[in-house]
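**Student:** Here's the letter readout for the chains.
Number of protein chains: 4
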Amino acid sequence: MISDSTVKAIMEAARERDWDRFHSPATLSRSISIEAAELLECYQWGDEARDGDLGHVADELADVLTYCIEMAECMGLDMDKIVLDKLAKTKLKYPVETSKGSTEKYRELH
Amino acid sequence: MISDSTVKAIMEAARERDWDRFHSPATLSRSISIEAAELLECYQWGDEARDGDLGHVADELADVLTYCIEMAECMGLDMDKIVLDKLAKTKLKYPVETSKGSTEKYRELH
Amino acid sequence: MISDSTVKAIMEAARERDWDRFHSPATLSRSISIEAAELLECYQWGDEARDGDLGHVADELADVLTYCIEMAECMGLDMDKIVLDKLAKTKLKYPVETSKGSTEKYRELH
Amino acid sequence: MISDSTVKAIMEAARERDWDRFHSPATLSRSISIEAAELLECYQWGDEARDGDLGHVADELADVLTYCIEMAECMGLDMDKIVLDKLAKTKLKYPVETSKGSTEKYRELH
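Protein chains in written order, with my numbering: chain A, 5 to 114; chain B, 5 to 114; chain C, 5 to 114; chain D, 5 to 114.
Just so you know, these hints were derived from the structure itself, not from any lab. Some clues are possibly wrong.
Keeping only pairs whose Cα atoms sit at most 35 Å apart, straight-line, the calculated DSBU-like set for lysine-lysine is [stated by the list, open to error]:
id	chain 1	residue 1	chain 2	residue 2
1	C	Lys93	D	Lys104
2	B	Lys104	A	Lys97
3	B	Lys85	B	Lys95
4	D	Lys12	D	Lys93
5	C	Lys90	A	Lys90
6	A	Lys12	B	Lys95
Chain B stretches covered by chain A per the calculated footprint, using a threshold of three residues with CB under 8 Å from any CB of chain A [what the hints assert, rightly or not]:
id	segment
7	8-21
8	24-32
9	57-65
10	69-83
11	90-104
Computed far set for chain A versus chain D, every beta-carbon distance over 12 Å [to be verified]:
id	residue
12	Ser7
13	Asp8
14	Ala13
15	Glu16
16	Asp22
17	Leu44
18	Asp51
19	Asp82
A quick note: this is a predicted structure, and the numbers were derived from the prediction, not measured. Ideal placement from N, C-alpha and C gives every residue a C-beta, glycine not left out.
One chain only, chain A, in its complex shape (with noise of 0.2 Å):
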C-alpha cells in the first residue's frame, strides 16, 4: 500500500524545497517517463536484475511512484479511485471467461 502519510511525507519535502514550482502535469508526465526507462534500464540487456541489485531496482521503482504521486496530487486525483475505475473498465473489456489464459489483453492494452 501507500499510506496518506507517504504521500503527505513526498509532497512536504518537494514544498520544504520549493520543488512543487517545477510541478505541472506536463513535467510530471515527463518525469514519470524519465524514471520509468531508468527503471527499465535495470533490465536493458536481459531479464536479470545489472549486477542483481535488487535495492537499486527498488529505488527505481520508488522514483517513479514518487512522481506518480505527485502527478496524482497536483491534478487533484485519488489513486484508489482512478486506479479502481481504470480496473473495473478492464474487467469488464476482458470477461474471466474469454480472457482466461489468452494474452489478448496483452496484445491490445493500451
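Got chain A; can you put chains B, C and D on it based on the hints?
**Tutor:** For chains B, C and D alone, coordinates are given in the frame of chain A:
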C-alpha cells in the same frame, strides 16, 4: 493513498485471467515504460492535456500505477517502505537549507 | 544524412569490442527507449535545454540514432526504405488537402 | 543509410501539412520517446516480436527515425557529424584493449 484492498483487487484480476504468468520484473519494467509514454502522449504537443481530456490522463496514470503495483508485488516489495527509504536518501542528499528554491536536484536526480 | 560509412564505423566499433553479442532486436528496442528518455531529460522542466547545453542534446540524439542504426543492421533493415515506406503510408492516411493545418495526425499518429 | 533525399521527403511532407509548426526540440524529444515506447511494445512480453510481425517493428523503428530526422533538422544538426562525434567520445572512453568482451560500457553508458 493506494490501499491494501486496491492492491488485492489488482492482483486478483490478474490471477483470475492467468495474466500473472506474463509478469516478471523485466516484463513489468517494460510495461511501466510503455504506459508512461502513453501518459506522456497526453502532453506531447503542449502543456495542456490533449483535447483537455483529464479523464484520459487519469486512466493513463492509473495504468502506470497498476503496473508499478504488480511489479512491487512480483518482487515482494513494500511500496510504502521503498518510497520512504528513497525519500530519506533524497532528503539527506538535498538538505532544505542548501536546496531550497534550487533546481540542483532537478539537474542531478536520476 | 547518415552515410554508409557512418553506419560501418558504428558497426565496426561494436564488433571490435564484442558489444554486438549483446545486440538483439529486443535489447536494442530497450536501449532506444532508454536513450530517448535521456534526450527527453534535456527538456524535463521546460522548453529550453537544461543549462542551455545544445552539445549535450546533440550527444543524446546521437545515442538514439546509434542504437537505431544498430537495430536496423541487426534486423537487416534498410533505413532509407523503412522510413520512406512509412512516409508513404502517412501521406496516404493524411492527404495534404484534408490534413493541412490540422492537428488530427498528431492526435491519431501512433 | 539515410540519404539527403529521404530527409528532404520527410521535411517536405511535414511542411505541406503545416505540421512543422508543432515541431520544437522539446516537442520532438517527447515524440521520440513516445515512438520509442511503441517500438519497445513489440518486445513487451518477450524476445520475439509480438505476433512475429517484423513489418510492424520496421514501421515503429521508422517512426523513431522520422522524429530523429525532424529534430536534427529543427536544430540544424548534421546527423553524420553528431553520430561520429559521439562515436569518437565512446571509442576514447572504451579502448578496444580494455573494453573487449566487457559489459562495462553497458553498465556505464548513458
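**Student:** Please list, smallest to largest, the hint numbers that this structure does not respect.
**Tutor:** 1, 2, 17, 18
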